[in-house]
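*Asks:* Take the sequences, apply the hints, and build the full model.
Protein chains in written order, with the UniProt record's numbering: chain A, 1 to 333; chain L, 1 to 430.
Just so you know, the hints here were simulated from the structure itself, not pulled from any lab data.
Any given hint could turn out to be false.
[Said to hold, decoys possible] The calculated lysine-lysine pairs, modelled on DSBU-like cross-linking and capped at a C-alpha distance of 30 Å, are:
| id | chain 1 | residue 1 | chain 2 | residue 2 |
| --- | --- | --- | --- | --- |
| 1 | L | 268 | A | 326 |
| 2 | A | 177 | A | 97 |
| 3 | A | 283 | L | 268 |
| 4 | A | 326 | A | 283 |
| 5 | A | 177 | A | 326 |
| 6 | A | 289 | A | 97 |
None of the values given here were measured: they were computed from a predicted structure.
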Amino acid sequence: MDHTPQPGPALPPPLGEHLRSPQLRAAMLVQQEALQAARDHLRREGFTELLPPLVGPVTDPGGRGAKALDVDYYGRPYKLMTSAILYKQASLHGFPKLFYIAPNVRVEPEETATTGRHLVEFHQIDVEMAGARREDVQEIAAGLLTHVAEHVWSAVPDILTGLGRLEADFADIRSGKYDVCTHQEAISRLLAIGHPQSPDSEIDWTGERLLSLESDRPFFVNDYPKGSRGFYDREDPERPGVLRNFDLIAPHGYGELVSGSERESDYATIVTRMRESGENPAKYAWYLKEAREGIPASAGFGMGLQRLVRFLTGLDSLWQVSAYPKLPGVVAP
Amino acid sequence: MSALTAPGFPERQIRARARRGTAEVFPAAGSYGAELFGPGAGDRADALDRARIAPPVFMPERLEKLIELAREPESGDVDLTTRTGGFGASLPLYLSAFGSTRAGSGDLAVHASRQAGRLGIPMVIGENMVPVHGYRRGGEATRSALLDRIDAYLEAAPEGVGGIVVQQSTEDADSEVWNLLYSDPATRPLLESGRLAFELKTGQGAKPGLGGMTVVAGAEAEQLAGRFTVTEVFGADDDRRLRCATPGTFTDEILRQQLRFMRNNFPKARTWVKFHPGRDIGDAARTAWAAGADAVTVDGAEGGTGWAPRVFLDQVGLPLAECLRRIGRPEGCLLASGGMWEGGRAVRALALGARAVGLGRAALVAVDEDPEHGLERLVESVALELRLLIGALGKYTVTALGPEDLWWPDSPDAGSSPLGSAQPAVGAAP
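*Replies:* Below is the structure:
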């Protein structure tokens, strides 16, 4: 069977029609099972659920052209959260193992409208763990994905088969067999198949899809280069220029599900890394105050909820698994 | 005033300081917005101007051209088109950034943009435009100075040449200027035609080591105080304030990583970087090229249109000639600015390795003289001089110029170029 998500309709229908569609209903039933399973799993692993902030003086500076929306907050320019990563780190003081089901708003560049994997409004399962290393949270992420797939297949098999999914599609996920490669190896594979990919950048959308299509099981990509990710991803002290981070890529063309890393917790290094990413440290005043006083070392990740549901349902585009989809560059209610 | 005098001492300036204190550190606040600053170029030639352009007697490259044309080459046969920072350009010129000063961000800048578009030369839009003037709030009715300039340029620009370069400084980063532009449907034509670049600005010729400065009054000062340092240098009784931006902190690693971030986050935009005339300009330029910059601009101490302390205008920063000497043979596309206004100085900078030269103050003066065609006429005059000079050197492309085309009366043996090489410079990679 061809597992590849096939190009579907590029744009969602009018909102009312979309909300009435049986396909969306099926996707939402899968989503609620996935959320339930994720919460159960993380709580069993000792994580506490917090609710994330929605606005702040600063948010994740983002990457690849995605920008934050400004809001006027008592006359001050605040941002809608593109990711609550900085709050996750600060929260470690009282909650050494925590997670959010976090809403995010990222005004992605229009070129992402057709990737099938980008929405302006989306949620992520945001996990952070004090004292953890990359390998620890990779294990948590893999366990989470395995558990969610197991639960959903057991809870709503009829819905999944109704969407065209087969039990065999989940075999590798449920068995927990995940591969690992480095960013450098991923780049070499792309160059070998003729895809032009800069070795010191993030893997581009097409490259990521090609890697995902080549694989039958989920795999981690480790060690992204500095300059491709945020200032909070920790640089490997043994290998300058290499970050202690990772992505988890789903097989069969579904692409990235998770981004995570060990976090930088040294104050002077954080300020320097901010400058390296062109940021003005002054705008991160509250976060830097926390960092100066000592933010616990940690590792964590964010798993895209809609990407997870799209992968589980086998649907083509993220808008098909979002009740109120907003595609990049498309003005929608 | 007493009868005391101090012959040979700058008595007038000292007395002025005694009367007006910190206000005397700067040019008169009343001249802000009406006067362009920078050391005078006409009345005291700098090192670059002192070099003479020295045609040879024997001209093998003219012979090559003669063979190609089957007739004697003329100055009109000189090809002035070039690749400037990843853009095609009809001339080895570009419009320099004016910054957010009143003189540089009003109607004159829009007129200059339109004419630069018509001429098919790249245009750089300065830092701090968005934090000071806004971007777009509540629809088209409140369009910013930045978008007005882009529109004026795009409406006039022919297909396939030119491009728009937008700077972002530390305070601009708070406003996410590059992000705003990159995802704005209005800039889609620029991205799709490969004619958008972002320029990382580390400083400027007029005030190396300082950030942008403008004079603001009353309510505007209060509004800007949250994002900039606003000081009372003109005296507590004066309503006017000095608004200062920060220059940003750079190390080689910070520069390298910022350029990488730009390429990673805005893959469809070209990556430019502008340096002030720092003493390590050679290292800085090489670091930027190695990190993938499409263009490196060096702004000599003669550059700048903006407000600056007098001591910086007169005493700080390396002259452009020395910057070009320290850079040596460029490893990538090098652009030069600083007191450019006629063909001779431009040819000298091109001979020392620049791919194109920037017009700043001269462009503003030209559009002030004639808002409709002043810049075009200025550029046409420079282009004619370039053709005459390059043809006289027996060369027919911009990149054929080299240090052997100049003679330096100040150099110890007065027979070699300041680059220390009698070999012709090889044109930098496109």
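*Asks:* Which constraints among the numbered hints does this structure fail? Numbers only, ascending.
*Replies:* Number 5 - this is the single hint that the structure violates.
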